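**Student:** What follows is the residue order along each chain.
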Amino acid sequence: MNRDRRFFAGLVGVAAIVTWLIWTGITDTMVYYLTPTELLERMEDGAEQSERMQRGVKVSGDVLPGSLVAHTDELKHQFVVVDPDNRDVQLIVHFRHPLPDTFTDEAEVVMEGRYLGDGIFEATEVLTKCGSRYEALPEDMDDRDAGYGAEDPYAGYGDGDSYAGYGEVYPDAGYGAGELYVEATGEDAYARNGGI
Amino acid sequence: MLPAIGEFALWISLPITLWGAVMAFLGGRWGRGDLVLSAERSVYAVFALLAVASAGIIAAFLTDRFDFWYVSNYSSRNLETYFKVSGLWAGQRGSLLFWALNLGFFSALAVWLNRKKNRDLMPWVSGVLLLVIAFFIGITLFITPPFERLPFTPQDGRGLNPQLQNYWMTIHPPTLYLGFTAFTIPFAFAIASLLSGRLDARWIEVTRKWILTSWFFLTLGIVFGMRWAYEELGWGGYWFWDPVENASLLPWIVATAFLHSVMIQESRGMLKIWNMALVCLTFIMTIFATFLTRSGLIESVHSFALSLEIAYAFLGFMGVTFAISAILILWRLPQLRSDRQFESFLSRESAFLLNNLVLLGAGFAVLWGTMFPLITEGITGSKVSVGPPFFNQVNIPIGLMLLALMGIGPVIAWRRASARNLKKNFLIPTAVGIGTGVVLWVMGVRHLYALLTFAIGVFVLWIIAVEFWKGTRARARIEGENLAIAFTHLVKRNRRRWGGYIVHVGVVVMFMGFAGAAFDREVRQSMVPGESVSITSAFGHTYTLTYEGLSTARAQNMWQWIALMRVERDGQPLGTMTTERRFYEAPPQPMTEVGIRSTAFEDLYVILSTLDEQVGMGNDPQFQRATFQVMVNPLVPWIWYGGLIIAIGTLIAMWPGGPVPQQRAGSTGATPGRRDDEKGPGDPGIGAGADGDRSSAEPARTPVGAAP
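Chains as they are written, first to last, in my numbering: chain A, 189 to 384; chain B, 53 to 760.
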């Protein structure tokens, strides 16, 4: 009995160590994951200038098309990220590392870094959200009834909101541009065909 | 034609699977051999049908059948042929079929290997396997149909994500899938053991090779994934603590714990409930890994598609599995009592138990970190992020504890270690380990975790080396063989034990490779041809890279910009290396290909970060301006060497056949270090079965399972 109790104590000991590691790990490293709007609100509050916000924050948003300025020589990138729900809220992002391959200036990005004030966000890490998908987007599956034309099926490839972007690069490949569809034009035809 | 046959095969595989499952359980319940035979034939049939279905998908890829939704989304005309074959697992729809195929293969193999053995367990085993297969076939048919057609035939497919157009695509996913699915066999045997009430250690002995097989593929799959990330993702690292990576690590961690705790049950008749719980947990974790990867519930760099139907299906399946396992274990609780009690903290049993607890702790930390953002959002509504800093902070100390246990476990005595045992086995290794730490500190290494890794690592290596040396020398003396022959015979005699030690050596080497990350160096420079950049590594080598120029090339489905670098190390020419920017056509997306030059101790790693916007507009060198990121990553090659050593060790331990481990203690020459503990079970061989007072109910162990 005594032995069992001792081993129970050992078990509790290991559990306590692991719990302590997890607890301190979370409190030491956790950062908030905010939208640009939430970030600016918290910053204006002042009360939220907590240690945690100083450590860093994760922000997601859409890159404002055409806003990317790159100085190749020094690897300085600057672009504007807007809140998808409120496009008036903007952050100017500074980033001193190579951008990911899937970055375009229409991409949805997740950034980690610090807010410097005056609407400037110094990012230490930039990831693109849908551009790096290994999978085709779920819209393709879930919105089958809507047909191919309706839902921006190419969003997953990060190159834009239209077939035009695809067509330019690869004129014969777009579903809308192929010879097979000479008789049917564009999206209405897919809808008539009953979608996918 | 073949795709149509494949689709048909997939449809009829479901009723056959369900028929087989019903026959298996009824046959087992009523003791009807004919029903059981029908169930086993169903297993073979299902495997054949799944193979035909998979062949159908591959045929659709190879013949560019873009009228299939799946093919049109993951292939294009100009895709390399081997990526068309690997299209089977490129996307969700195919990969769940591929999972079912792998499981079908292992199930058929298990049934065939046991056609004349373990007949009392086999009905239940077949039943469980068929039910699991039925779940995956059901998902494949009703949620993610790989054979779904488009109402029209597109001119071309959308192409495969360029990040997946890498040779590892043909190797890494199948390896991991083999590891995941192979673990279903031990799970099925465990459930069969619970259902039939035959609760001795036989299910463990039968599935020992299966456990090792699963562990072998899981380990290789994870290491391959690390290598792929290192080569492809282009940030100089091999592990990101991404949810999908964590998902593959979780079953590995629990399987490792299980792998060790079964040895206690075999040798000492303890931890029976624990082992049952672990085997069920490992199986659930393999399902959880697929769930996490395939449901897209957690945001990840890999960002697979979000699909709630799949999420619910998997959650349901995991819930049912958990409930059934728990109920069965509770039902059999009285028969799962330990034969013995723990006697002392200072014993091999408790070292193994501690190893288990620490491993599960690590698993829990990884699980918690992965799920924490989701849980927090669910409870408080605010989104938080937990990243690599968390996982490193928690798992490095845990990893170091495990490392130390790898040294302690193999040589501490069973039952109760005497002061003499401890002194004899640990005094010198501890001194050597501490000495290593001191020497490194004097040499200027100040990174605490790195110092600890090397000190503990050397401690473990010393212990293992001494074990090998003692065993070989004793055998050479007793049998009159020379050392080389004695060594081979020693390993052959108890491959499981010595193979296990070799695996430990591999893990130590790998951990030292991880510690190398503390000394990474990096420079970034924008250059025109003719300019050069220098970087000094942690080992004191200075690399000078001269940018020679940029060239273009055309491959089957991409354009390449290739930057050529001339490399010198400490003034000595080392040849050239290249790094590329690629522009894929389908889908249109750029990719960076890094250049890696490995030496035994460090990797020179070059990334072509950015090309000037005017690149290629003229012959002037100014138009070839590019920015390079140059890194020297010390000891990264050791991670791959470690992986190789682990693979070799596991193969030695799991290879079919070989002599049955001897029942005589000491005759293998394996015990000289522990002769002083003669009163305790003298044999140190893990599962070598020298434990004289074992209950005779446990049959002699014959290598079965994977052994033909």
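Since the hints were derived computationally from the structure, they do not count as laboratory data. None of the values given here were measured: they were computed from a predicted structure. Accuracy of the hints is not assured; some may be wrong.
Derived SDA-like pairs: lysine to any residue, alpha-carbon spacing no greater than 25 angstroms straight-line [what the hints assert, rightly or not]:
| hint | chain 1 | residue 1 | chain 2 | residue 2 |
| --- | --- | --- | --- | --- |
| 1 | B | Lys-435 | A | Glu-229 |
| 2 | A | Lys-264 | B | Gln-577 |
| 3 | A | Lys-264 | B | Glu-583 |
| 4 | A | Lys-317 | B | Leu-426 |
| 5 | B | Lys-435 | A | Arg-275 |
| 6 | A | Lys-317 | B | Trp-220 |
**Student:** For every hint, state whether the structure bears it out.
**Tutor:** Going through the hints against the structure:
1. For the given pair, Lys-435 (chain B) sits about 15 angstroms from Glu-229 (chain A) by alpha-carbon distance, which is consistent with the 25 angstroms threshold.
2. A C-alpha spacing of about 12 angstroms is found between Lys-264 (chain A) and Gln-577 (chain B), which places the hinted pair at or below 25 angstroms, so the restraint holds.
3. A distance of roughly 20 angstroms separates the Cα atoms of Lys-264 (chain A) and Glu-583 (chain B); the hinted pair therefore holds under the 25 angstroms criterion.
4. For the proposed pair Lys-317 (chain A) and Leu-426 (chain B), the alpha carbon gap of about 17 angstroms is at most 25 angstroms, so the pair holds.
5. The hinted pair formed by Lys-435 (chain B) and Arg-275 (chain A) meets the criterion: a straight-line CA distance of about 20 angstroms does not exceed 25 angstroms.
6. Simply put, Lys-317 (chain A) and Trp-220 (chain B) have alpha-carbon atoms about 23 angstroms apart, close enough for the 25 angstroms limit, and the pair holds.
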